[in-house]
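Engineer: One line per chain: the protein sequences are A and B, in this order. First residue of the first sequence? That's -6 in this note's numbering, and the numbers climb one at a time after it. First residue of the second sequence? That's 582 in this note's numbering, and the numbers climb one at a time after it.
Don't take every hint at face value.
[Said to hold, decoys possible] Listed next, the in silico SDA-like pairs over lysine to any residue satisfying Cα-Cα at most 25 Å (straight line):
(1) A/38 <-> B/617
(2) B/617 <-> B/591
(3) A/265 <-> B/839
No lab work stands behind these hints, which were simulated from the structure alone. Owing to the predicted nature of the structure, the values given are computational and were not obtained by experimental measurement.
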Amino acid sequence: MTEKLQSAFKKLTGKGKLSESDVKEAMRDVRMALLEADVNYAVVKEFVNKVTEKAIGQGVLESLTPGQQVIKIVNEQLIELMGSSQSKIKWASAPPTVIMMVGLQGSGKTTTSAKLAGYLAKQGKNPLLVACDIYRPAAVKQLQIVGQKVNIPVFSLEGANPVAISQQALEYAKKHSNDVVILDTAGRLHIDDEMMQELEDIKSSVHPDEILLVVDAMTGQDAVNVAKNFNERLAIDGVVLTKLDGDTRGGAALSVKAVTGKPIKFVGMGEKLDDLEPFHPDRIASRILGM
Amino acid sequence: NSSKVIDEEFYDQLEELLILADVGAKAAESIINDIKKQVKQQKLRDPEQVRALLKDELKRVLSKNAASKDMDLYPRIILVVGVNGVGKTTTIGKLAYKFKQDGRKVLLAAADTFRAAATEQLEIWSQRAGVDIVKHEEGSDPAAVVFDAIQSAKAKKADVIICDTAGRLHNKKNLMEELKKVNRVVEREYPEAYKEVLLVLDATTGQNAVSQARVFKEAVDINSIALTKLDGTAKGGVIIAIADELSVPVKYIGVGEGIDDLQDFEPQNFVSALLDID
Ligand SMILES: Nc1nc2c(ncn2[C@@H]2O[C@H](COP(=O)(O)OP(=O)(O)OP(=O)(O)O)[C@@H](O)[C@H]2O)c(=O)[nH]1
Ligand SMILES: Nc1nc2c(ncn2[C@@H]2O[C@H](COP(=O)(O)OP(=O)(O)OP(=O)(O)O)[C@@H](O)[C@H]2O)c(=O)[nH]1
Ligand SMILES: [K+]
Ligand SMILES: [Mg+2]
Ligand SMILES: [Mg+2]
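This is chain A alone, in the form it adopts within the complex (with noise of 0.2 Å):
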């Protein structure tokens, strides 16, 4: 725990029962830590609103400090609010299941496509990655490099429109008794209209069972508008967080999380295709608060 944290808890032992002044003061801060970890400024401030609410006046466990006992309440609340752990995909009932990567450029949506078509692999699935990204240069060339790596075919069709693109792999997927498609798609703002527009496109018209939005861990204060924008048009499913093996502290989990209300399914530890884990929301919840 940072050393700021640990001594506004320090203060409050000794006490019998967590005070209106003595919560405060715990909380102020707490808001620092989870500002300085990047989470969100209006998610803080309801949070912190909630956990001081919480915490007043609640009996201290006989075998707990009052500083140990705020501590407690701030770390299960965050738990809370990060969701269970459910790395799961949602099936379709009739094959093939249908995912597909959305996000900001460069957050890691084509190595996070072959990592998901490696992992899906291990567990007998047969998958198909596409190459939905026409615009970035050697996009297509990238992704068939990282399905190589991990023994995944990869779809692709030159000259034709991410749309097209989608309904033919899925022909082909049933053809190939290929159970699951991954649509590897081209990283865009979500302030970019005609690009979010194509999204919806593609979902409309090969209705993925899965859209993953794929988030930098290391995002700011941005990531709630991210979020918020892409679950906007496309009604996201889930999300998966990379870059996690860096030194950030990942406040974007809990923004994207406390915006979208979508559970965080995966993350990325590194750039290798089989760096890719279950989501734990109590170790992120630690990391967040520096512990």
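Given the coordinates of chain A, assemble chain B with the ligands onto it according to the supplied hints.
Structural biologist: Only chain B with the ligands this time, still in chain A's reference frame:
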């Protein structure tokens, strides 16, 4: 932020604005405290004056190390570094085009030999910009690519070499060592060239950018910054803390994916956008 009086609420709103722009909570607090002192000293009464004061203060921090007069030093070699996916390769394409437009002879070095199709990506940019490229196979030694590029630049009398490097998180010791090795090759093989080490930061990044800048500076002595993806809704306020602590100037901003979506950094415009005022 439309307060008519200077009260705590007014200051809270300013602080909120700064935090939402990724300035950082601690930095925002210290900036606001500083402003409060000055308001007292100068006996200011109009919130507009306080906003102007804040704007000037931020501008001062960002101009402090204003991109140096290094612009006209040739031959030069630019080593482009940064964490994964921030926009290094794209920025190199834009830079190559910019130098080419200025009549310079440019050579690109494809020293990201790690990421899938990184060389192919840079190659497309070299074609778009109309400049030459030196490349090796995927998985080869990045230092060897840079070595070859330097020899080739000397032979062809190129003005500028721009080296792409693989994205790497600054907390990966071995990858930072690899980068240091590339940097040493530049110093050893091309001492007569002006060396620029350009750190690319993504404006979408939060407080982690400070530790990125710190560690890359320590490892390869970065002397300029490009801040990308400012065409989104992120404000990139974290560079204020970076400029303050590390004295490395922001030189360029990236405002899109096109070849001419690179601009010189202007503290004035940047701060206006950050504070949402003119
Ligand atoms: N360290 C680390 N790097 C990652 C992770 N996931 C992706 N990357 C790297 O991040 C960079 C961008 O990844 P891509 O998969 O190309 O991202 P993208 O979202 O497809 O990018 P665009 O298609 O340009 O929008 C690459 O250098 C990847 O190797 C991760 O979990 N950890
Ligand atoms: N909107 C926007 N996108 C950008 C900008 N600069 C780069 N990008 C996009 O960001 C993504 C990543 O860019 P790259 O140039 O591949 O980034 P990189 O740092 O070389 O990535 P790695 O080599 O994988 O570490 C691509 O989709 C680019 O088109 C910018 O200024 N604005
Ligand atoms: K912006
Ligand atoms: Mg991609
Ligand atoms: Mg690159």
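Engineer: Going through the earlier hints one by one, which of them does the structure break, listed in rising order?
Structural biologist: 3
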